[in-house]
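Asks: Protein chains in written order, with our numbering: chain A, 1 to 349; chain B, 1 to 349; chain C, 1 to 324; chain D, 1 to 324.
Check each hint, because a few of them may be wrong.
Within a straight-line C-alpha distance of at most 30 Å, the following computed DSBU-like cross-link-like pairs (lysine-lysine) qualify [stated by the list, open to error]:
no.: 1; chain 1: A; residue 1: Lys266; chain 2: B; residue 2: Lys293
no.: 2; chain 1: B; residue 1: Lys273; chain 2: A; residue 2: Lys174
no.: 3; chain 1: D; residue 1: Lys33; chain 2: A; residue 2: Lys174
no.: 4; chain 1: B; residue 1: Lys174; chain 2: B; residue 2: Lys266
no.: 5; chain 1: B; residue 1: Lys273; chain 2: D; residue 2: Lys33
Quick caveat, the hints were computed from the structure, so don't treat them as lab data.
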Amino acid sequence: MQERHSVLQADGTIAAGAQPRMEEEFLLEALRWMMKSRLYDTRVIALQRQGQFGVFSPGMGQEASIVGSAMALDPTRDWIVPQYRELMATVHHGLPLEIITAQYLGKIAPARIPDGVRVLPTQVSIAAQLPQATGLAWGLRLRGEDAVVMAYIGEGGSSEGDFHEALNLAGVTKSPIVFFLQNNQWAISTSRRVQSATTSFAFRAAGYGFPGVQVDGNDVMAVYDVAVAAVERARKGEGPTLIESVTYRMSFHNTTDNPSRYEDPKEHEEARKRDPIERVQKYLTGLGLWDKKRETELTEELTRENEVALQMAFAAPAPTPEDVFANVYEHPPERVVQQKAELLDGRRG
Amino acid sequence: MQERHSVLQADGTIAAGAQPRMEEEFLLEALRWMMKSRLYDTRVIALQRQGQFGVFSPGMGQEASIVGSAMALDPTRDWIVPQYRELMATVHHGLPLEIITAQYLGKIAPARIPDGVRVLPTQVSIAAQLPQATGLAWGLRLRGEDAVVMAYIGEGGSSEGDFHEALNLAGVTKSPIVFFLQNNQWAISTSRRVQSATTSFAFRAAGYGFPGVQVDGNDVMAVYDVAVAAVERARKGEGPTLIESVTYRMSFHNTTDNPSRYEDPKEHEEARKRDPIERVQKYLTGLGLWDKKRETELTEELTRENEVALQMAFAAPAPTPEDVFANVYEHPPERVVQQKAELLDGRRG
Amino acid sequence: MPQRTIVEAINNALAEEMESDPRVMLLGLDVGKLGGVFRTTSGLVERFGAERVVDTPLAEASIIGASLGLALAGMVPVAEIQFLGFTAQGFHQIGPQLGKFRQRSRGRYNCQVTIRAPFGGGIRSPEFHSDAIEAQFVQTPGIKIVMPSNPYDAKGLLLEAIRDPDPVLFCEPDRLYRSGRAEVPDGPYTVPFGKAAVVREGQHITLVAWSAAVELCLRAADKLAEEGVSATVLDLRTLVPLDIETLCSQVAKTGRCVIVHEAPLSAGFGAEVSATLMEQIFYDLDAPVARVGAFDVPFPAASLEDYYLPSLQRVVDAVRKTLQ
Amino acid sequence: MPQRTIVEAINNALAEEMESDPRVMLLGLDVGKLGGVFRTTSGLVERFGAERVVDTPLAEASIIGASLGLALAGMVPVAEIQFLGFTAQGFHQIGPQLGKFRQRSRGRYNCQVTIRAPFGGGIRSPEFHSDAIEAQFVQTPGIKIVMPSNPYDAKGLLLEAIRDPDPVLFCEPDRLYRSGRAEVPDGPYTVPFGKAAVVREGQHITLVAWSAAVELCLRAADKLAEEGVSATVLDLRTLVPLDIETLCSQVAKTGRCVIVHEAPLSAGFGAEVSATLMEQIFYDLDAPVARVGAFDVPFPAASLEDYYLPSLQRVVDAVRKTLQ
Ligand SMILES: Cc1ncc(C[n+]2csc(CCOP(=O)(O)OP(=O)(O)O)c2C)c(N)n1
Ligand SMILES: Cc1ncc(C[n+]2csc(CCOP(=O)(O)OP(=O)(O)O)c2C)c(N)n1
Ligand SMILES: [Mg+2]
Ligand SMILES: [Mg+2]
């Protein structure tokens, strides 16, 4: 493992000797997605506070990780296997924002992932998605598809047995997969320090026979670099990569959580100085590509976009009692068919 | 991780620059245990072929690993957590051979691990013993005991999620434990090559924040060295060590297995040349401490010793129907009490 | 006498037991500074220190497996699994290990381990958080299964669990955690395992339940009372051991029975209760024993849980049908 | 017609299906050169290559989880778990994942995955190898549970399983693997899920079983015939879906029923069968439905299994008692 990869530093300057792959226009595009993510989170948190939204885990502070990794993929052939904090990565990959929003609102049919969108559903069972992601990548290779899987996991989730089994199997099968570990320093209230004694989660890759890299996860240019390299490697048939993206959870675990119970305010303050969005804005300002006006305009545009999606999701049909039985079996057992009839009868009667 | 540690080479000479900790008398003691192990396995396999013994997994070829690791422990304070192929390590640690034999014969009361013997029972569920071993080591530290746990696992078992969770937790809790991974190249018929793409299982330790070492597992002097170092480290409160002991399964998975279906005879032949017992005998012969006569005498003595244990185990009382209910609950549920009565009634009636 | 919610009763039980027995320790996700996601362990790390109240890595199998090892070392671990649904990740360390370890060692070792886990629907949780999978553990004998339904029992059964030399799975009804206070004395007391509680006495029908479903049955009994139907409500309290005697005598008294649980119907523990009644008091039954459970599909999105879970309506309907 | 053992029937089904559908692949421990520890996959790696018959690392959760992913990629994986008891290590990938994945994706994805696993007592195996834990999976809906008892069904049900777009747990009775041959046609045929088989018809009592216990019930029926008792033997074949109609009509015919299974009694699937009969045909029962299972303790040392498992004697005794 090399050192922590860094391109765009917290002060908005390029690190000495860095050779970023991301060009300016593309960086503007990345900024757009990061801002969209931040604005969406802000709005959803507000809605939740008003009782209009369910439990939600924002990506705040991790936008460079989420967006930089997703931008390394080709949505027409690659796949995203999320945990639950990478909402905007899946949207970037083609999952309409109103659909993933509808899922949070408990909608059923309107929350269906559309055919052709290569995204698996949000996974609540921590790390359970990883063996599945390995199987998916392995299967895509067996099917002769030119596809790569990007699988997300938190540093907390990397303690689960599934993490180990999935990475080991991916190594053995040389599957085209990138394990993108977002180390945001927290698993709910549990500090990264008591989650593992290792100094870098990227070290783990050596135990599975493939490369591990650590990257400044608040640096979208660096994240993109290592993600592209890993995707290329996978696509060439050289097997998996583990990326540890070192970032910080700037808001809270989810909307039911209150970090003041356990988080050191100083640590939080330090983290804010490494904000992934501000540094891009600073850098682009230096290049004359960004200013307050553009920021206001883009903010307004993205807010509108997000609002449209939110309204679509709210307006989408509410679930009906029969949805209890929807999408479980292709051929449901007779007893389940009867239970459905009972429920509907009971509600009619 | 340093290179594979080696002291006593396959040809019976000491590796250049090696500084073995084991002195000659102690080496003779190690040889005694290794021969005892080999002789016991040979006898049990013969008994099994005659239908007098159940399924059994011999330690043949791995005697240096099994004995060298156990000799690094102090049976009066340290603990052994076995998988199932380390029988002679547990006997060295104080578990009477007749008792562990009685267990294989399906005896109940006569197979009870005696109080004071710091050995956990054989574990059939692969790798399940590792989180338990971590908990044990952690608890011993919390209780203020000056004890170290030696936990065994095969290279096959190291693919299980439990391996990962146990080692990670041991690192975090800085528990006094040595994970002794016997890489005997096989998990039943599955070659080490398709079990992991890593070039050394010892690499995995870095992912948990403690040292990993690889050792020639057929070299009892080298195994002893690294085991003593790891035990000392643990005892000093410096935390766990992972040892990969590279060896070879010279017989078969167990008495129901026939490796000719899957093992390359050349690989087997090569492995035989690295026999852990022969090299010690050669070395001691060179020092004038070993010859045919001593070999014959010791073989006879150990055969007699083993035979006594085997006969004791055979002679021990057979299980009775009520043993079905033995040792499950301290306070059994009423229904279980009734079921026991039913069984005994049914057999009387 | 002090009034406590279930959360407070559990917190009180843990605090007192840690105070009186230095071997008792807590481990699990976020049990430390956060005090657990439901605050059941609130304030305990401040009081007993981070060596006895341990935030573990996110790895259920190791939480349970390590608890087994801690017990062998002489500690008395009380492990928290954040939600019962996540015991699935450590399933192989529960029945197959905790439940069998004593047998495996021919009686040399026992596992004085308590696993606490909240569960149950009705609080609009994400996936897995509501799963009522208690019956699965009945098929791996060696584990006792405890299902308190109220603050008093929660404390008394938890103390019994912690002190039991056998391993115990202690399932907490999260919907009732703060739903009301009841008298919970300070100081130690235990509620024995295998003694069901008659929480309401009636003549026409016996409602059998455990955990949060007891509360539902009490509401159903109120409703039924309006119609002139008087119902016994029996709280099993523990599934293993099962109090067959009280179960049978209470159902025999009314001759009719409806069993209510949050788990899916098929092979839920209600089936065991019904089969036991069949075997023991068939000739005392005036009507077939009925079951009301969740449907045989996975727990759906929170927006659908009111349709999925046994409802007051479904319980009352089942009673009416049984009384016909 | 060719005569095959269960092992041969399974091998034949796998070979033919792999031949006709290139998406079908096998994965698991030792399924390659060794042909599986029971040789059910013997010769298949030689025929279909190591990309379609894969010796995996020793890690059950990843075998099952990867199968899910392979299915999403368009493969049709048939995973072997070396013994059903070791599904515990991958428990969280079965019900909570395979069983819920379609629901989670709102119907976008389905998991056409078959998990095969041998189980059952009577062959003097070490710990875990005999555990009959089928009932546990009934409590995690979304999975079909298939329990063949003979070579013909083994092939027909396995082909049905592999082709079913829903995930299937296929449990193989290792005691019967080679216990006898029966007619098993070459070429494809399926045995539908949810159709119990009346394997013997009688008038006095109905014995209900699945998997290896069917063979025990047939022996019991022979024995009972000597005493003038004629027994119907019903093989459920699949637990999910359960053929409630045949179950009820067959038991109603005789008015009496004994259920036999290898799993521990409490909360075994026998409880579900009994509870279902209670609900559906209470008034047709002439005596309480009885259950014969293993005892409510962990599977003991192999030397004790004959005492632990349901025996011919215990089945016959239960029938006699039910007939009184
Ligand atoms: C198997 C499992 N155990 C526990 C939980 C409860 N839980 C939800 S999120 C979380 C913390 C996850 O931390 P991390 O993996 O670092 O992801 P982050 O939330 O920081 O993105 C926990 C413990 C769960 N969902 N699944
Ligand atoms: C959880 C689990 N899965 C599968 C098995 C079946 N099994 C018994 S031994 C074995 C291979 C073990 O290989 P390894 O860990 O390398 O140990 P070795 O036999 O080589 O000493 C397997 C797969 C088991 N006992 N437990
Ligand atoms: Mg995190
Ligand atoms: Mg091995």
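Asks: Now tell me if each hint is right for this structure.
Replies: Taking the hints in turn, this is what the structure says about them:
1. A:Lys266 <-> B:Lys293: violated (75 Å)
2. B:Lys273 <-> A:Lys174: At roughly 33 Å apart (the allowed maximum being 30 Å), Lys174 (chain A) and Lys273 (chain B) break the hint.
3. D:Lys33 <-> A:Lys174: holds (21 Å)
4. B:Lys174 <-> B:Lys266: This hinted pair is violated, its Cα atoms lying about 43 Å apart.
5. B:Lys273 <-> D:Lys33: holds (26 Å)
When held up to the earlier numbered hints, the structure conflicts with 1, 2, 4 and fits the remainder.
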